[in-house]
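Novice: Chain A is fixed; fit chain B onto it per the hints.
In case you want the letters, here they are:
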Amino acid sequence: MMSRTGHLPRLGLRGLRRFNNISGYSVLMVLAALFMIPLYWMFSTALKSPQQTFAIPPEWVPAPAQWSNFAKVFDEVPFARFYVNTLFLVFANIVGHLVSVTLVAYGFARLRFPGRNVLFLVMLSTLMIPYHVTLVPRFIMFSKLGMINSYWPLILPAFTGSPFLIFLVRQYMMSIPFDLDEAAYIDGANRFDVFWRIILPLARPALMLVVVFTFIDVWNDFLQPLIYLTDPDMFTVSLGLSFFQGARETNWNLLMAGSVLAMIPPLILFFFAQKQLIGGISVEGLKG
Amino acid sequence: MTALTRLSRSWTQLSASERREALAGYLFISPWIVGFVVFFFGPIVASFVLSFTRWNIVGSPQWVGLSNYERIFTQDPFFRKAVTVTLKYAAIYLPLEVVFGILIAVVLNQKLRGIGVFRTMYYMPYIVPKVASSLVWVWVLNPRYGLLNTMLGWFGIEGPSWLADPDWVLPSIVMMSLWGVGGSAVIYLAGLQNVPAQLYEAASVDGANRFQKFVRITLPMLTPTIFFQLVLGLIGTFQTFTPAFIAAGRSGGPLQSGLFYMLYIYNRSFESMRMGYGAALAWIMTVFIMILTVLVFRSSKYWVYYEAERKRTR
Chain A
1 MMSRTGHLPR LGLRGLRRFN NISGYSVLMV LAALFMIPLY WMFSTALKSP QQTFAIPPEW
61 VPAPAQWSNF AKVFDEVPFA RFYVNTLFLV FANIVGHLVS VTLVAYGFAR LRFPGRNVLF
121 LVMLSTLMIP YHVTLVPRFI MFSKLGMINS YWPLILPAFT GSPFLIFLVR QYMMSIPFDL
181 DEAAYIDGAN RFDVFWRIIL PLARPALMLV VVFTFIDVWN DFLQPLIYLT DPDMFTVSLG
241 LSFFQGARET NWNLLMAGSV LAMIPPLILF FFAQKQLIGG ISVEGLKG
Chain B
289 MTALTRLSRS WTQLSASERR EALAGYLFIS PWIVGFVVFF FGPIVASFVL SFTRWNIVGS
349 PQWVGLSNYE RIFTQDPFFR KAVTVTLKYA AIYLPLEVVF GILIAVVLNQ KLRGIGVFRT
409 MYYMPYIVPK VASSLVWVWV LNPRYGLLNT MLGWFGIEGP SWLADPDWVL PSIVMMSLWG
469 VGGSAVIYLA GLQNVPAQLY EAASVDGANR FQKFVRITLP MLTPTIFFQL VLGLIGTFQT
529 FTPAFIAAGR SGGPLQSGLF YMLYIYNRSF ESMRMGYGAA LAWIMTVFIM ILTVLVFRSS
589 KYWVYYEAER KRTR
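Keeping their order, the protein sequence lines are chains A and B.
Residue 245 in our numbering sits at position 245 of the first sequence, with consecutive numbering throughout.
Start counting at 1 in the second sequence, then tack on 288, and there's your number in our numbering.
Chain A on its own, in the form it takes in the complex:
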């Protein structure tokens, strides 16, 4: 950088900008290649026959492309079942979070009660404690309740909220002017009316975040389904995929086709909700 400064005056301002742009784009391209190549490798392997999969040197563009691999995945393992199961869990968790997170966030954001700040701090501090201390007792609790190999252990906790999401939504609700509540109270509304008719509609962007984060977390979760689900008919996509790996060590083409199928739903969601998602993460980043 130091040596370059000598040439700057001769390049001129426009030349300098162009130079910066070219070097900027080339760094961006190299990085993009590094991030994208494994994804390309996954996708191209998903389209290969077994012979093409183990070809040396590897075929970059499989010809002919075996689109039927994707259908084969559904034949070899109950992948459709896994999909439906996971979507059901995602749906149940979203409902649970929407109900609990909004109620709790509203309580913390807009109502005054003794101990509110202490309780809020307690809630934030639970984010700092790793969840794995609770893993064994939770498992014992659910197994004593006869809930092993059911979806209850994967759904019930959602109805008690999630500290991180409560924090996000509470911050958002704090930014809504309090005049609105007061005007509604004067008109004879009760607290639930205010929550339901005023705060919730205005907090819609934050609720979108709850939906997106919950979707991605539940869709990608592995440890909990692994612990609680034993019947293959109840498996989630992630869990099913890992068992597929164990059962068919060598079928890399089908395994990659399965992986492609597993990443499609979160990816679609990501493209639709990119703005909220990255915006929401910025909020998370500011928390420190």
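It is possible that some hints are incorrect.
Said to hold, decoys possible - The calculated label-pair distances, taken between Cβ atoms and stated as ranges, are: (1) A/VAL95 x B/PHE336: 32 to 42 Å; (2) A/PHE178 x B/ALA490: 54 to 64 Å; (3) A/MET29 x B/PRO431: 44 to 54 Å.
Stated by the list, open to error - Beyond 10 Å from chain A on every Cβ pair, some chain B residues (computed): (4) PHE327; (5) GLY330; (6) PHE340; (7) ARG342; (8) VAL352; (9) LYS369; (10) PHE406; (11) PHE443; (12) VAL462; (13) GLU489; (14) ARG504; (15) ILE505; (16) GLN527; (17) ARG586.
Claimed, not checked - Coverage of chain B stretches by chain A, computed from C-beta distances (three or more under 8 Å per stretch; other residues unrestricted): (18) 354 to 367; (19) 426 to 437; (20) 528 to 538; (21) 545 to 555; (22) 560 to 569.
Bear in mind the hints are in silico, worked out from the structure with no lab data behind them.
No residue lacks a Cβ here, since even glycine has one placed at the ideal position from N, Cα and C.
Specialist: Below, chain B alone, put in the same frame as chain A:
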């Protein structure tokens, strides 16, 4: 106790309408209170009690005093292995995550057309389900047919056998995790965009070059974000499970070189069904993480820069 007495005292001082509001408040936050008691605080206490027992979940737990802890610290070679693996991983991965996260954020912070597309591409691997991304990397790292060794071959380098070689298991998993660094880059990017532009302008007037601006302005202003990421990253690395389970295998791979602590807890608790032992392992780790977190918090006053005004607006 004192908190409770203070609470009851303030309760008697409330007017009738304030009491109604307070009751409504407790009602609204009650889902979280139930969750806190049933799924968090209760289990933590239970886990502490369990750690002094031997129990395979059938039958009743048997009180064994400190013997789980004694065994863990004196006779369990896997415990030592798991601690070493996890610490080594944290020591390699966390600094790399910070460095690459910031570098990529700086690259993404340029005002260039189409930058959003690049941001999407860098972020995408972070969205891929962990099981799927781990499987992709197992295949990329396949010693014979894998992409990485093929590409190394172009330069005449014979790549190692990665996940089959005890010395290369950890570097492989570090690489897999770094693929998802776009997730933290986006957080650093938000931090970068919060740096007031006038700081850079003032520095330009004083004749600072780009490197000086980065070291004297950007880095100090990013320290709160770095701090936040380090604390979360610390907790996160100790919870690393899926990549280890998929890439190294349930039992931890060759010579247990990928036996992450979480994987070990899983094995003891849910594969060999030793609930008490698993609970003791989890408690040791929790105490350890809490000590580390406190140390990081304590150290923060030496290197984290908080501008008074930014702090107030938060």
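Novice: Run every hint past the structure and note whether it holds.
Specialist: Going through the hints against the structure:
1. Our hint of 32 to 42 Å for A/VAL95 and B/PHE336 holds, since their Cβ atoms are close to 33 Å apart.
2. The hint said 54 to 64 Å for the Cβ distance between A/PHE178 and B/ALA490, and at roughly 38 Å that hint is violated.
3. About 29 Å separates the C-beta atoms of A/MET29 and B/PRO431, a value inconsistent with the hinted range of 44 to 54 Å.
4. For B/PHE327, the condition that its CB be more than 10 Å from all CB atoms of chain A is violated, with the nearest at approximately 5 Å.
5. Chain A draws B/GLY330 into its interface by the beta-carbon criterion, the shortest separation being 7 Å against a cut-off of 10 Å.
6. With a closest Cβ-Cβ approach of about 13 Å to chain A, B/PHE340 is found to remain outside the 10 Å limit, as its non-interface label requires.
7. With a minimum CB-CB distance of about 13 Å to chain A, B/ARG342 clears the 10 Å threshold, and the non-interface call stands.
8. Distance check for B/VAL352 against chain A: the nearest CB is about 16 Å away, which clears 10 Å, and the non-interface claim stands.
9. Listed as a non-interface residue, B/LYS369 keeps its Cβ farther than 10 Å from every Cβ of chain A; the least gap is roughly 18 Å.
10. Listed as outside the interface, B/PHE406 is inconsistent with that label: its C-beta sits roughly 5 Å from the nearest C-beta of chain A, within the 10 Å cut-off.
11. Distance check for B/PHE443 against chain A: the nearest CB is about 14 Å away, which clears 10 Å, and the non-interface claim stands.
12. Look at B/VAL462: its CB is around 15 Å from the nearest CB on chain A, clear of 10 Å, so calling it non-interface holds up.
13. No Cβ of chain A comes within 10 Å of the Cβ of B/GLU489; the nearest lies about 17 Å off, and the non-interface call holds.
14. Against chain A, the non-interface label of B/ARG504 holds: every CB pair exceeds 10 Å, the least being about 15 Å.
15. Separation of B/ILE505 from chain A is adequate, the least Cβ-Cβ distance of about 16 Å exceeding the 10 Å criterion.
16. Separation of B/GLN527 from chain A is inadequate, the least Cβ-Cβ distance of about 6 Å not exceeding the 10 Å criterion.
17. Taking the minimum C-beta to C-beta distance to chain A, about 14 Å, the non-interface status of B/ARG586 holds against the 10 Å cut.
18. With a threshold of 8 Å between beta carbons, the proposed coverage of the region 354 to 367 of chain B by chain A is violated, since 0 of its residues qualify and at least three are required.
19. Evaluation of the coverage hint for the region 426 to 437 of chain B: fulfilled, as 7 residues show C-beta separations to chain A shorter than 8 Å, against a requirement of three.
20. Evaluation of the coverage hint for the region 528 to 538 of chain B: fulfilled, as 4 residues show C-beta separations to chain A shorter than 8 Å, against a requirement of three.
21. Here's how the region 545 to 555 of chain B fares: 3 of its residues keep a CB closer than 8 Å to some CB of chain A, so the rule of at least three is met and the hint holds.
22. Check on the region 560 to 569 of chain B: 3 of its residues sit with their Cβ under 8 Å from a Cβ of chain A, so the three-residue criterion for coverage holds.
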